[in-house]
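*Asks:* What follows is the residue order along each chain.
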Amino acid sequence: MGESVKSNVRSHCVGTTAIVYASDYLNKLTGERIERECKKQLDSGARALVIDFSDTELVNSIGISILLGIIDIAEKGGALVVFSDVNSETIQLFEMLGLTRHVLLAANEQEALSNLSTNPPQSQAIGH
Amino acid sequence: MDHNRINHGRQILGRVRRDEFIGRTAELERLVSHARQSNGQKRSGEAYGLLILLAPLAGVSELLRQTFDSLFSRREEVVPIYFALPQAETTAVSAAIEFLNTFLLQYIAYRRDEPTLCRASLTLNDLVKLAPAADVVWIEELIESYNRQRFGEDDRELVRFCLTAPDRVPSGDVRPFVMFDAVQLANYSDSSIPFAIEIVKALKSGGNPFVLAGLRREVLDAVTRAGCDSDALAVMRLEQLGDEDARNLITATARRQHVSITDETRDLLVQQLEGSPFFITSILQAAGEKRLALDSYLACERLYVDELMGGRLNRYFSSVLEHIASEPETRASVIALLCEATPEGKHTIHFESWRRRLKLGSAAVEQLVRLLHIQELINCDGDTIDITGGSMLWQDYLKSRFRLDALREPRAIVVADVMADALKRAPQTIAHHYRRAASLPLRELLGKFNSQLVPRCLFDFAEFAAVYKGVPAEEAAAALDADTSLVRLPQVFHTASGVSLSLALRPFGEESSVVAHAFSGGVYTNQNETVWLVARVESKLEANAALVEKWLDTLAGVARKSGLIRTQIWLIANEGFSPEANDLLRSRNAFGSSRQQFDVLTDRLSTGERQQSDATNEFQLIFPMGADNEMLAASAVEQVARRVNFTPEAINQIKTAVVEACINASEHSLSPDRKIYQRFQVENDRLSITISSRGILPFNFAGNSQGEEETTADESQRSDDRRGWGLKLIQTLMDEVEFERVDEGTSLRMTKYLRQSS
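Residue numbers (this note's numbering), protein chains in the order written: chain A, 1044 to 1171; chain B, 21 to 778.
No wet-lab data here; the hints were simulated from the structure.
Note that beta-carbon positions come from the ideal geometry of N, C-alpha and C, so glycine has one too.
It is possible that part of the hints are untrue.
Only part of the chain B face toward chain A is listed, based on derived beta-carbon distances under 7 Å [to be verified]:
(1) C138
(2) P214
(3) E494
(4) A647
(5) M651
(6) N672
(7) V679
(8) T752
(9) V757
Pairs of lysine-lysine residues, derived as BS3-like cross-links and limited to a Cα-Cα distance of at most 30 Å, are as follows [as the list claims (entries may be wrong)]:
(10) K310/B <-> K444/B
(11) K1071/A <-> K310/B
(12) K419/B <-> K1119/A
(13) K748/B <-> K1119/A
(14) K468/B <-> K489/B
(15) K581/B <-> K1071/A
(16) K560/B <-> K468/B
(17) K570/B <-> K468/B
(18) K560/B <-> K310/B
(19) K489/B <-> K748/B
(20) K560/B <-> K1082/A
(21) K489/B <-> K570/B
(22) K1071/A <-> K489/B
(23) K444/B <-> K560/B
(24) K419/B <-> K379/B
(25) K570/B <-> K581/B
(26) K1083/A <-> K560/B
(27) K489/B <-> K560/B
(28) K1119/A <-> K489/B
(29) K1071/A <-> K1083/A
(30) K489/B <-> K1083/A
(31) K468/B <-> K310/B
(32) K1071/A <-> K1082/A
(33) K1119/A <-> K1082/A
(34) K1082/A <-> K489/B
(35) K489/B <-> K310/B
(36) K1071/A <-> K1119/A
(37) K1083/A <-> K1119/A
(38) K419/B <-> K444/B
(39) K1071/A <-> K570/B
(40) K560/B <-> K570/B
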């Protein structure tokens, strides 16, 4: 029942890494869509998640709480999470709430993939 | 063209213009329609009567006067007659004679089409002279007969004669329609002439349609004692005005009286004055006379206490009490009886106990109790007297009288205490109202179950969330339409608040739980009888297992103690349930739904249009809550900040702060209008933004910012408590943050300095 329903979140895979694109405003609704997509990718065998914020202008606190939930889920599954292309204001926000201690930050998608290749998921050491 | 529509005609008896008459439009149309249609439905020897059963202080006089004006202006075959029983201090005979005079006056005024006659003071002889030629004969005969009756010995016969005067109108091209305003009926206690019974008999035995309006307990009692079958009469029940009508009445009356009010004080007055047109107009008239602005809770309560202690409200309650107990000593005893029992928590007293305390004979006590019962100040079932009746205003009046008269406390102290209590109660009153308004419409939804088939997943959060969380509503609706796993709901035949079943549910809140009696499968057998115990679980996040277990245990305990055999527990939590809580629900065969599921279910069960929260086309810096509208607020502030040359980084910080303030306002306030009021103030070196909303003042807000979580993700990452960072973010991003004092809701003022950020 309903597995075919789309979440309207853009994503693609590079090997066992899933790249998921956040929208311009990360709030409860769009956050839940990303969460859903990330879960789907992890269930499909992804070992790492790159969340791309290149389109994201604004993030609210509910969106941040959902991102933390995604990090939780990924960690439980032994997967790594990288945030890429985050603007400086949003980085400031993430730092303010301690989010950056739990993820790697990358300037762009390429850097994220490169970082992941040098920090394989098995280590589970990123950010700790 | 609808001939039943109200004619906006002349203002004759009405105290207000038709367009200023608020709140009883449907009733007015019904009365006019009743008067006009009665002709066709009249049966031989049986009047077509309408009883208006009135809750105390619900107000009916103006409704009847407006009906009179409307019928008068129509110039049809119906001759409207409006008669209000005089106030006390009169006898049944005097009142009956006054009725005769009023009847002839209004009849002739109508026949001559001279509305001003209705307010004239004329003798019967004057009236004969004014009677149109077509009516002179029967009017002269009527007055001659009256004069003979008047000097006879039988008062009761005279009363009957006067009350049946409308029956003397010859059948022809017109017929009288008597509207009897008998709100004062309880004041006629002449034991030699049972006036109430005589009125009912006269109206019922005549051949003309009529309306009898009065206090519901009094009218029903009179109809029964007169030996009439009330089922043969049409009935209209009038309660206090609903919230919207009361708001409109306050707005219109305040405008008429040139009294300044705010939305907040208007809503307070609606609740505090309990939708009573009399209380509302009394307070606003007093404000108008004293030239007071009612623009704060303090101003409202100051006037309220003034009126209660020595103004209109005081005079009204005093007159009620004096009528019920004319002797000062008895009155003092009644006040003591009504006040003293309350602190002990004992609300019912035996009749015999009252008799002993009042030191009166049984008949006198019976009469006194009857009058209190009619005014719904107590509830009496014969042997026991429940003293919990009456409005909050009555309770305030009673307590102050008790302290002044019985306890002899200084007036200054009593006034100050009543005032303090009223001020303390004001935010609670309004908060209770908003909670009630914001609570899930559980009972309404259960009433719509009606054996309908719905997707099973709407009652299983885990199943629903796995498929539909984050899915756009239209797509979810389409997928649910295709869902083949369905459940048939029972047919609910009775719902009540859970608190009415068990006081164990009171700590969770009056509106939090509902008990619904139903039959499953639409089959009325013992085996199919089931009781749904439904509760709203308060949780900002997904409800956890501990909370769910507490609810399940409580509801199961209530079911056991109440002897409920087949039950179905259904919990509803805004954000749904944690995985552990879901497992628990399943293991106990209980249902669990999120707010989203509840809304989807409501949509599917509703036949009417879904209520939208509010108009969404309001701009001018007032934004509807929800639907990402905080981004509109953020965009607006961005434009302002750019003009003041803030840096892009500072602008982003301001936008984020505004978004968080809007989210907080939306999530915490239980706002009645679902709007966010945004105000920008640009000064030389700063931008100040005030985000306000109406509703409840959250505990953690307003001077208690420490109450909000000071955690970061590092500390709380693995806890469920990840929400509530909004205020912390705002304080970090902005230079100054303060809560402004408002009567209700929140008003958050944030300031960003240009020099610090450029």
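*Asks:* Any hints from earlier that this structure breaks? Give me their numbers in increasing order, please.
*Replies:* 1, 2, 3, 4, 9, 11, 12, 15, 18, 31, 35
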